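Chains A and B, in that order, give the protein sequences.
First residue of the first sequence: 1, per the numbering used here; consecutive thereafter.
First residue of the second sequence: 1001, per the numbering used here; consecutive thereafter.
Just so you know, these hints were derived from the structure itself, not from any lab.
Model, not experiment: these values are computed from the prediction.
Keep in mind that the hints are not guaranteed to be accurate.
[Said to hold, decoys possible] Here are some chain B residues the structure puts well away from chain A; computed CB gaps all over 10 angstroms:
1) Gly1018
2) Pro1052
3) Met1061
4) Ala1067
[Unchecked claim] Straight-line C-alpha distance at most 20 angstroms; calculated EDC-like pairs for lysine to aspartate or glutamate:
5) A:Lys335 to B:Asp1068
6) A:Lys335 to B:Asp1038
7) A:Lys335 to B:Glu1007
8) A:Lys343 to A:Glu331
Ideal placement from N, C-alpha and C gives every residue a C-beta, glycine not left out.
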Amino acid sequence: MALSIRKFDVVIVGAGGSGLRAALELSSAGLKVAVLSKVFPTRSHTVAAQGGVGAALGNMGEDSWQWHMYDTIKGSDWLGDQDAIEFMCRTAPEVVIELEHFGMPFDRNDNGTIYQRPFGGHSANFGEKPVQRSCCAADRTGHAMLHALYQRNVYARTQFFVEWMALDLVRDAEGAVLGVTALEMETGQVVLFHAKATLFATGGGGRIFHSSTNAFINTGDGVGMAARAGIPLEDMEFWQFHPTGVAGAGVLITEGVRGEGGILLNKNGERFMERYAPTMKDLASRDVVSRAMATEIKEGRGAGEHADHILLKLDHLGPEVIDKRLPGIREIAIKFANVDPIKEPIPVVPTCHYQMGGIPTNYRGEVIVPEGGAVPGFYAAGECGCASIHGANRLGTNSLTDLLVMGRSAGMSVLEYLKGHGSHRPLPNDAGENALARLARLDGQQGGEDVNEVRGEIQRTMQAHCGVFRFPDMLAQGVEKIRALEGRMARTGIKDKSMVFNTARIEALELDNIYETARATMVCAQAREESRGAHDRADFPKRDDEKWLKHSLWYKAGDRLAYKAVNLKPLTVESIEPKARVY
Amino acid sequence: MPLDGRERERLRWRSRRGLLELDLVLQRFWSPPGPDLDEAQGRALARLLAMPDNDLLDLVMDRVPNADPALEQVLVRLKAA
């Protein structure tokens, strides 16, 4: 297969919020910027964000970035790096105002300032009382953000390569990153994008779980490419889950359903929450409910043919209450669970929502590895990066704050880097061969493993063995099962070998990234013997700061693990020392 | 005229969306053996897929009425998927 080469100052992979924000910084400075995206930019998964952007503007009452910083550190269960968290919270108001000037139609107060919505976990005066901090555009915040940023990029002459899939990083003998190889879906042609700097903004990999709120495009592409290029992955054991997604589909059923009187039942029809939380029952906190659901399933009391879900019963509320108080729920249940909750319970299961870990960076978006510090020419931002702002759990609204702040910060760092690195580094002779070899192997595979089957096996393994509540025996088996899939992964095959818009080929290539992401998650989760934030272990129920106040680093080669210290020192203010995380 | 095979594949890829709900509906729409589509229906589907995700979801979930008769036939099939 011929490999043509195209030269740009910067190549950005991913055109969601962080990729677009970074591209704008660079194109506005007059650089030649290529942005590669599997789908049209405004159809990136950022479009699903409804909650808003957290920023201490103080439009609804007194607020400060220090309070936002405290809430973020507490949310992270002290695993977040405090320099990065200070940087994000301090910069957040600036990037929000900037976005307003880019044309983002934020909801407004009567006096013209941006309206801010209340959101769980955000407080005034270091946990004293709730504060309204979330800036939103009705329930279409992500959608409005993508449109505003995309239009500004068109104006700034960013060059978009839409329906292109990045395949692999290109590095030289010194480890510097020189760009990526990418496949154009329209033609099947592979092109090497040779760049002075490469920035990953590929989003999360939530599709590694069987039940996920993530769109199908979220296959951990950046994380997979980084792992294959020898870059370690940070804190991959930390994934945020929501207790009630529709089993088999992932669409969320709001917690308001339990607030209105919905109850959870196991396969015997038992209201099991009475055993786990005798007082609060189904209204216990999210982690208590998730843990109880996972325990019921693990102990064989799950419902359904595979005993793999829980039943959310609403019919006792009556059709009037359901239609009046929970209007969207009935349509979601009918459409995505194929049940009418007026008559039957909704099958639900704890569902993956957000990836806290990723490619290790500092708050400048520079990719940082133990072997030599910053990787020359390589940057990451948004959900695929790990600065680490979210630590062991992400505070609501901080995903959009992260992608704006880190997208811009990574863009600014690239500008700084290019001042001293004005020319392209020469490509090694074998540049791009790793990607071509992957494609040749796939196309040449006879009688290969079915991609859908292997993907399903990975997703079911992750869900059962490494879900919201983790058991030692299940984790140990899970590591074995994931490792055992390596052989099948090496033999995936496709029947359709055509070059033009070959969806089967794309899905096979995505599966490689799903596998790296899943394997890193499973291995890190088994190794971390404590419970912290979203990582909840049945055998180690407490946080252990003495042994585990550190970030995990997973290397693909040999499934090797290393660890690095959490940065407890903010940039300009006093450290917020670890204490119990109680809400 | 039935829709060209590669055009079908293009539309199938463009059925990958930013919103999970649409991914699920479109996955069912394309589930084997896949929908029968002629060229006109292919054009209608292409126009639906070119819409912003939230607007398309509103149509598919019947939250807003469809104002374009040319889209109706394919939209009905999407809703039934």
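**Asked** Against which earlier hints does the structure fall short, listed by number upward?
**Response** 1, 2, 3, 5, 6, 7
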